[in-house]
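Generate the whole structure from the sequences, applying the supplied hints.
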Amino acid sequence: MIKIKLFSFLIFLAVLLSCSSTTDQNVMGLPVLVKEGFISNNEYEIVCMGYPKEGLTGPQREESAKRAAILNAYYFSNERFGAFVSPDKDGRIANMTVRDEYCELRYIIKKDNLKNLKKANDSRKAEEAKKADEAKKLEEARKAEEAKKADEPKEIDEATKE
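Here the sequence shown is numbered in the numbering used here, starting from 1 and rising by one per residue.
Think of the hints as simulated: they come from the structure by calculation, not from any bench. Quick caveat: nothing in here was measured; it's all calculated off a predicted structure. Just so you know, even glycine gets a beta-carbon here, dropped at the ideal spot from N, CA and C.
Calculated cross-link-like contacts (lysine-lysine; reagent style DSS-like; alpha-carbon spacing at most 30 Å): (1) K111 x K125; (2) K137 x K118; (3) K115 x K35; (4) K118 x K130; (5) K66 x K118; (6) K143 x K130; (7) K53 x K89; (8) K131 x K143; (9) K149 x K131; (10) K130 x K111; (11) K110 x K35; (12) K115 x K125; (13) K118 x K89; (14) K125 x K136; (15) K130 x K148; (16) K125 x K143.
Cβ-Cβ distance ranges computed for the label pairs, FRET-style: (17) I39 x D100: 25 to 35 Å; (18) S86 x A147: 43 to 53 Å; (19) K148 x K110: 50 to 60 Å; (20) E140 x E54: 40 to 50 Å; (21) M96 x A147: 50 to 60 Å; (22) R124 x E63: 30 to 40 Å; (23) K35 x E101: 12 to 22 Å; (24) R92 x A150: 55 to 65 Å.
Here you go:
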């Protein structure tokens, strides 16, 4: 019985955490994604920020912020286009501005039929979400059935009592 309660608590905790997970656009409460959107059918712009690792000074701080901005651009590229776009091959840095506390990056992804690739990736993500939802519902139904069986009274054979 304790195992069932512990397992139920872990499932509840996992569901709670999965509900709160999003593609947040903040890091440590700081904005990361400034803007994004199509420039043309073949070009997509991502403007994002990168923040340096704490404790660094001088050139290390600056390079840390630059690297963070580039990694953020790669992340958003992957979120929008998935495997259809390779950010290091299909993208380029259009502008990078380094400030004291952050680095702002304007990153352009250029590829033929980019809008169609985004639509295809959105469809793929929707299909994956649908399958995950169906699997979750099946798992919940299975667990409910197991719980129901566990709560059913056991029939005791009169012959085995004696």
